[in-house]
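> One-letter residues, chain by chain:
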Amino acid sequence: MSKNGKPKFAMYWAAACGGCEIAVLNINEGILDVDANFDVVFWPVAMDAKYKDVEAMPDKSITLTLFNGAIRNDENAHIAQMLRAKSQVLVAFGACACEGGIPGLGNLSSKQQILDTAFSTISTDNPKELRPQTTFKMPEGALHIPTMYETVKSLDQVVPVDYYIPGCPPESNQIAAVVGLVIKALKGEAQLPPAGAVIGASQSTVCDECKRTRGEKTITQFTRMATFQPREDQCLLEQGILCSGMATRSGCDARCPVANMPCVGCYGPAPDVIDQGARMMSAVASVVDSKDPAEIEKIMRGVVDPTGTFYRFGMPRSLMRHAKG
Amino acid sequence: MGEKIGVYVCHCGSNIAGVVDVVGVAKWAEENLPNVRVARDYKFMCSSLGQEMIEKDVKDLGLTRVVVAACSPHLHEATFRNACKRAGLNPYLFEMVSIREQVSWVTKDKTVATEKSKMLISGGVRRVVHHQPLEPLFVDINPNVLVVGGGIAGIQAALEIADQGSHVYLVEREPSIGGHMAQFDKTFPTLDCAACILTPKMFTAGNHPNITLLTWSEVEKVDGFIGNFTVQIRQKARKVIADKCTGCGVCEEKCPKKVIDHMFEAGMGTRKAIYTPFPQAVPKYPVIDVENCIYYQRGTCKACEKFCPTGAIDFDQKDEMMTVQVGNVILATGYELFDARRVPQYGYGRLANVVTNLEFERLSNTAGPTSGKIVLRDGVTAPQTVGIIHCVGSRDIKYNVDCSAICCMQSLKFAHLVKEKTGAKVYNFYIDIRTPGKTYDEFYRRILDEGVHFIRGKVAEVTDAPRFPGEEGKLVIQVEDTLAGRQLRVPVDMVVLSAAMQPRVDSKEVGQKFGISCSANGWFIERHPKLDPVATMTEGIFIAGVCQGPKDIPATVSQGAAAAARVLGLIGQKQVTLEPVRASITQDNCSGCRICNNLCPFNAITFIEDRAVSDINPALCQGCGTCVSACPAGAITGSHFTNQQIMAQIEGVLFDLNVQGAREEMERVPA
Ligand SMILES: Cc1cc2nc3c(=O)[nH]c(=O)nc-3n(C[C@H](O)[C@H](O)[C@H](O)COP(=O)(O)OP(=O)(O)OC[C@H]3O[C@@H](n4cnc5c(N)ncnc54)[C@H](O)[C@@H]3O)c2cc1C
Ligand code: SF4
Ligand code: SF4
Ligand code: SF4
Ligand code: SF4
Ligand code: SF4
Chain A
1 MSKNGKPKFA
11 MYWAAACGGC
21 EIAVLNINEG
31 ILDVDANFDV
41 VFWPVAMDAK
51 YKDVEAMPDK
61 SITLTLFNGA
71 IRNDENAHIA
81 QMLRAKSQVL
91 VAFGACACEG
101 GIPGLGNLSS
111 KQQILDTAFS
121 TISTDNPKEL
131 RPQTTFKMPE
141 GALHIPTMYE
151 TVKSLDQVVP
161 VDYYIPGCPP
171 ESNQIAAVVG
181 LVIKALKGEA
191 QLPPAGAVIG
201 ASQSTVCDEC
211 KRTRGEKTIT
221 QFTRMATFQP
231 REDQCLLEQG
241 ILCSGMATRS
251 GCDARCPVAN
261 MPCVGCYGPA
271 PDVIDQGARM
281 MSAVASVVDS
291 KDPAEIEKIM
301 RGVVDPTGTF
311 YRFGMPRSLM
321 RHAKG
Chain B
1001 MGEKIGVYVC
1011 HCGSNIAGVV
1021 DVVGVAKWAE
1031 ENLPNVRVAR
1041 DYKFMCSSLG
1051 QEMIEKDVKD
1061 LGLTRVVVAA
1071 CSPHLHEATF
1081 RNACKRAGLN
1091 PYLFEMVSIR
1101 EQVSWVTKDK
1111 TVATEKSKML
1121 ISGGVRRVVH
1131 HQPLEPLFVD
1141 INPNVLVVGG
1151 GIAGIQAALE
1161 IADQGSHVYL
1171 VEREPSIGGH
1181 MAQFDKTFPT
1191 LDCAACILTP
1201 KMFTAGNHPN
1211 ITLLTWSEVE
1221 KVDGFIGNFT
1231 VQIRQKARKV
1241 IADKCTGCGV
1251 CEEKCPKKVI
1261 DHMFEAGMGT
1271 RKAIYTPFPQ
1281 AVPKYPVIDV
1291 ENCIYYQRGT
1301 CKACEKFCPT
1311 GAIDFDQKDE
1321 MMTVQVGNVI
1331 LATGYELFDA
1341 RRVPQYGYGR
1351 LANVVTNLEF
1361 ERLSNTAGPT
1371 SGKIVLRDGV
1381 TAPQTVGIIH
1391 CVGSRDIKYN
1401 VDCSAICCMQ
1411 SLKFAHLVKE
1421 KTGAKVYNFY
1431 IDIRTPGKTY
1441 DEFYRRILDE
1451 GVHFIRGKVA
1461 EVTDAPRFPG
1471 EEGKLVIQVE
1481 DTLAGRQLRV
1491 PVDMVVLSAA
1501 MQPRVDSKEV
1511 GQKFGISCSA
1521 NGWFIERHPK
1531 LDPVATMTEG
1541 IFIAGVCQGP
1551 KDIPATVSQG
1561 AAAAARVLGL
1571 IGQKQVTLEP
1581 VRASITQDNC
1591 SGCRICNNLC
1601 PFNAITFIED
1611 RAVSDINPAL
1621 CQGCGTCVSA
1631 CPAGAITGSH
1641 FTNQQIMAQI
1651 EGVLFDLNVQ
1661 GAREEMERVP
1671 A
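In the order they appear, the protein sequences are chains A and B.
The first sequence begins at 1 in the working numbering and counts up by one.
The second sequence begins at 1001 in the working numbering and counts up by one.
One chain only, chain B, in its complex shape (with noise of 0.2 angstroms):
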């Protein structure tokens, strides 16, 4: 082949060398395998230093192909190819053999650590001898934007678009934009009235000249590739006509229907058959719940209709779809609340005075039932005494291993309240205090000294069952006071939950339509975790709130700016280059089977009918490569996985051993 390859076998500190013997890995990789001109180990590849030394060997030995042993493609794959082509040598002849992900991470016994890593490096310099120059496509960026979920997240990314220029499709599935914020009575660190921070923004979101506000919808489904993505919506009928409405809530007023309403109320107040959510609520228009409307249950009643001074009410007003063409998305669907059913000894949905945190928001909320009293079940009687157990259903290998990250914040913000409000004696029972944000401890030595009571320790049971006098028609909380070593039941009116954040039920739907990936537990997976936080591994598609994980609106609101900064950075650019692997179909080959024709995942391939073959478009093509090992006839071929690449890299990592348990080259049977 006359091909001059450079091997690069990094160190990574301790994390490769550790377990790896990398010094004889690179010696022997230079005296045993095919074409290799040099071999070198050094500590950090990807360093400056690292990276100058390929470009060297490169320009001083006339390297034509380079293979760097270190972590995983995805982390330094683009940073070699770039030190190549730096040295003027195409990017695409370079390979990367992971040794520390799929070795020394996962390995503990060094022998075996070190034959494996030779191998699968044999199989690297086997693959890269066959590989092509290949050259970027380049595509034109679409500056419209789709931001899904109008959380806080959603509306800040929105609006930073929005004012730069670009027209923004905030879809929302709720009838108002808002998300879980809007239920908030205050916020912490800083107590401020959430409402007071929210609305106005909300209110721009909703008038701005450059977002469509498509509430009541819900994406349906995503074709394409960064920069130009083709959305198409499904806006569920409102059963109100937008532009007749006024938003005067007459409607509202006369609709005999009521309901429990256990989104925005958390299930602590009512709602009509037809409403908007809160009075604040972004769009104005309200939307009509079929499933409890009078009329669609039993043909009659109509009385929104007869009201409504302009006529805006359609009960005929079916589901209409839209299709949007973006160049970007950022999805912002935030998270649900853990069901604190789920803990039976705690009570909730048995014991009426054990609440949720979020129902405690509402209760406390002065837009909320109880005006902002914090009361009892019963609608009146204040607590003279409140429990707080923190971490429900987080830190818990059951449920959720990971810390909520706001529930210490939120207990504490709680706490006050209650103090504030009833000036009750209050409880918080907690396994560590966790307040690392700015002034946040500040705002727990407040908290301590308005004279809340810290218990250390998971409570084991609320019960309702008295066992000594004074627990009489209370609600007791057992639980191991750890500072103090002894057991302590701890007798109060009124116990609040604090639930853990968990991802969405729907996320590894919503995920998969976008063509991005969720965590074991749900959570949406970032390009990388301290790197790459709102960027995913699909370009063109970015992650900002809590979907990404759980956090606080201040973090929230950083990753909604940010997600915007790196959409509005793309915009900027007006071209994207597209990594050039994808695949072909060599006509002469191709039959017209049409085997391929129904499933590429971005709809990339047709076929011509007078020529009855089958074409790839290559702007649309990911490289995904389920069409490559689908067509029988062999006529599609994935550039920089072709066939005979990835038969020699096969071929490269087998070996067999002789009969001292040493490698052997094997004796390849003629194919």
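Next comes chain A alone, as it looks inside the complex (with noise of 0.2 angstroms):
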């Protein structure tokens, strides 16, 4: 507890786009009750602070702790230990440090195939092949940047963390939902879920709440949005648009079928799937509308790019993990 008697909260900011700061911000007047319940006391995005100030913090003595962002490299890697340490509950926050997110697409390359193409391909102007350093010598002293890893990990590869809130980003009412119910506990009204639980979603996927209808599922073919415009009464996937939603944990209430366009994942895997991914391609697989090999090699054709598409945010924590280098 501070000197002001609230409980502390922290926030931070790794491998990520930054989305998830702005959800957390997106929950309106919500946020007020943030800095009503809590005493705010490291967010990056949000006041200064320093480093060895969080250093500096007794172990355990901060309450809440959201960590957005996957682990890409030792600095990620630093503070996530740090605060784990100082939190009694970490929270993996959005689908980047929930399974890796769109940066652990980066798991498909292997580090010096990504230094490459940053600073060696045609479009970059690097006549003298210029590489990063990790450390550089001044009169000074010596300075560090962060060492970046070969792959991408989700925070729960790095550290335990007691609680998952999925989406990219989490939706504000979800986040809103969850600040509500961390403040009930605080004050004995109402008790957290068991450690290591998904909090901010539900317990079917995406298509339970998705309003469309759906009739038994046989794909002949499958199109893309770029060139045709689904109906919006009927099951995306039954048009040929290959919908995540069936693979998806639900909580969003279905905000992208609902917006006509199909879900790409972002909650993340069912309750106590291992792998969305896998998940996605055996359904996909196993509904197309064909015997004849040739055939059925022509129908998954029109599948374009399936790493990115079934793995778009969960290669990290995926069985793969990453591509073999």
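Treat the hints as calculated values from the structure; they're not laboratory data.
Treat the numbers as computed from the prediction; the structure is a model and nothing was measured.
Worth double-checking, as some hints may not be accurate.
List time: in silico DMTMM-like cross-link candidates among lysine to aspartate or glutamate, alpha-carbon distance up to 20 angstroms [said to hold, decoys possible]:
| id | chain 1 | residue 1 | chain 2 | residue 2 |
| --- | --- | --- | --- | --- |
| 1 | B | Lys1257 | B | Asp1314 |
| 2 | B | Lys1513 | A | Asp35 |
| 3 | B | Lys1508 | A | Asp292 |
| 4 | B | Lys1458 | B | Asp1432 |
| 5 | B | Lys1574 | B | Asp1163 |
| 6 | B | Lys1306 | B | Glu1252 |
| 7 | B | Lys1419 | B | Asp1464 |
| 8 | A | Lys291 | B | Glu1609 |
| 9 | A | Lys291 | B | Asp1163 |
| 10 | B | Lys1254 | B | Glu1291 |
| 11 | A | Lys211 | B | Asp1588 |
| 12 | B | Lys1574 | B | Glu1160 |
| 13 | B | Lys1318 | B | Glu1220 |
| 14 | B | Lys1236 | B | Asp1163 |
| 15 | A | Lys50 | A | Glu29 |
| 16 | A | Lys211 | B | Asp1057 |
| 17 | B | Lys1186 | B | Glu1461 |
| 18 | A | Lys8 | A | Asp33 |
| 19 | B | Lys1244 | B | Asp1319 |
| 20 | B | Lys1201 | B | Glu1471 |
| 21 | A | Lys211 | A | Glu189 |
| 22 | A | Lys211 | B | Glu1609 |
| 23 | B | Lys1306 | B | Asp1316 |
| 24 | A | Lys291 | B | Asp1021 |
Put the complex together from the two separate chains, hints included.
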């Protein structure tokens, strides 16, 4: 507890786009509840703070930490470890922290390939073939920048995590509900779910919340949104659009299908599912309507970029984790 | 987890112990694997002593889980489950690890085999802690039976069952039952006439109050499971109204269209466009062969209709579908003959007087096209010399590797018939003489005594090109006599090819329809080649006769009777217990996406519209796992094959080697 008697709150942004930070601010007046109930001790986006301030805090002194972003380099890992030690409840916040997220697609390439693309492709003007150095000696002393890891990891592949709030980013109403629950729990009015639980989401998949009508599925062709205007009342998959809703945890109110766009899978795997992409693939493969190998081959060629489609958010925490180097 | 696991490593005589260090593996398991309370090795785990060892340990040591590393679950899973049950442990808290089929039989290197055994046992041990006690399901058995194929095997099975009071649907695709046996003249070794022993059985089957005979019919679709199959049968349009037809045969007599009969007469005789395959056919009413009937081809004729005294002809008759409910199925679909044209050097199809065994049967048959006279293709000349070639298309890696089982005896029978009927000189060309049945060797000696010439050697060629005097106008058989060690050219008037029995072309399709598999060459696979020859891996589906593999009539009849006995046994039980290994849907997790809805091969899944979730009927589910892997929400669980169990097993078999090449536990990244 702080001097003012309020529990302490922290939020951190690791390898991520920043959408999660915006999503928290997007809970509108709810943010005032955060301020009224918590003493915000560390939140780089919202207030100034130094790592050494956090280092100085006693262990377990922060009540709630929302950690967004994947682990891409040793700085991310270092802060994760530090916040783990300082926090009572550490939450993996958003798809990147939970599953690796969009940065996790970097696991399809090696570190070397990524650096080559960034520093040595035609579009880069880098005649001296300079590469970032992690240490650089100056008269004043050595300077360090973070060392990039070979692969991207989810938060729980680096430190133990108490709860997961999925989504890219998590829906504001779900964040507000979670914050409300924690506040109630602190007052002894509610109980927190068992550690390790996914919170701010539901127990089924997006289809459960999707209002489109569904029939038995027989797919003879895949199409893409760029070339096709789907009907608004029928399941997108049945219209040949690869919608990940059926393999994605519910909780978003089926935002994307409601907007006539296929679910891209940001809420991660359904309860007890280990590999969302594999689930999606075997489901899709099961309903391809042909027994003729040549025709199946032809239908499957309609799936452009299967890894990017099925593992858009989940590569680092899938069974594959990363491409074999 | 606190489980106490017993691990038992079987030597299987030297089957496993000859390659795997079973003593070392057991010791390793006890020292290294988590939760293992005791690990032992034993000569034969499946023996009563082996089983008692497990029972004793369960009771004395309070084991809560059992792992046996031995042969395959197919063979002995049930044995060890029962041992657990007797000891008071739920049988599903047992796990079988195959280190014979999957290790010692297929791995030569002893070190590798031993390490592989450890790895698989480690998987089993890690899996078994996640096992849950399961209780079997009980379902009633419908006493009706479906028999597919009306050859001697199917007839025998149908009669045995019908006599005991159960109803049989006997489905035959040809217009009459009888199968191949109906085409034969005499049968070895007793030489009684085939018709004399077969037709009474056909007649009984056709008139039995408990048999519904469905000829000119085929099974289209089978749903369900043991005790409760739903079968859809297509009755092809006969164009003859069975209830009106008296079988008088007038239509056949009046029909102006003659066709060569490639089926029953094996191409040696003719029939009409409206026909019964043979006079003693059961049932007696004919069918119209639409492809050859003048009316269907040109729109006029209708002679049969005009002359039919009872108005039984119905040109508009359509195929009819019927659905029947049965509890068990016997497949007795028999065989077809190897196409002798595939051995071009024997000249069949090119040289007129080269005939197949089935053609010879028709020639020799008193009811056949020549009234039983053995003559050349000209229809009059009796042959003076006849060569009979054994093993055509069998025992040959190019065609069928296996021995056809009957063609030696059948060739001996032919030799006798030729001698008896024509007095011609007979040569039998054989690779080996195989006469393993009761009194079969006696029959062989009798034929030797009759003066038939036996030449041991695989015939190289049958030719009509003469090279030496005496060969003009003859068929010359070129062969190496391997006993005398010399080349022979034997001029004859007629050559009989003993073509092999081989699986029906559609055997794989038919097997699939009934959920059973075929061996690589196409015979239906039995549950166990020695101990369970008429059952299959699918409960409630039995096989009998040559569809299971080449055999003679006595063996075929025995299998028909055996399959019937198995089915009657099940009917007597009234109920069967079903494996509780099946799928179920956790409805809170089901999103109603409907991916699973049309996947189940047993139609066990339904969609509940008002709650928008799917549901599985546990009695219909066979636990195949199709839907389990397809459900994108992970809402379907296959009991005994849960994610947790499978992942634990996979993690158990994985290990790392350290730099010295020794195994080391892998450091696992948190999932
Ligand atoms: C030339 C020759 C001579 C022989 N002589 C002797 C002998 O003297 N003594 C002896 O012991 N053995 C003899 N045999 C062996 C004997 O033929 C077989 O052992 C016996 O006929 C096998 O009977 P089956 O009922 O299994 O098969 P089959 O006689 O082939 O009967 C199978 C029946 O099933 C029907 N059928 C097939 N598929 C389907 C389907 N999908 N749906 C519905 N119906 C279907 C067929 O039309 C057929 O009526 C001889 C074999 C040959 C080739
Ligand atoms: S559109 Fe997508 S979310 Fe909606 S029912 Fe179909 S698969 Fe499910
Ligand atoms: S529909 Fe899918 S992609 Fe869209 S927000 Fe929901 S979970 Fe994310
Ligand atoms: S209508 Fe057809 S079956 Fe009848 S007599 Fe004429 S040709 Fe024969
Ligand atoms: S596991 Fe699923 S697909 Fe297989 S039989 Fe059972 S319900 Fe049908
Ligand atoms: S596939 Fe799974 S989630 Fe979809 S309807 Fe079937 S059980 Fe429900």
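> Of the numbered hints stated previously, which ones are contradicted by the structure, given in increasing order?
2, 7, 8, 9, 14, 15, 16, 17, 20, 21, 24
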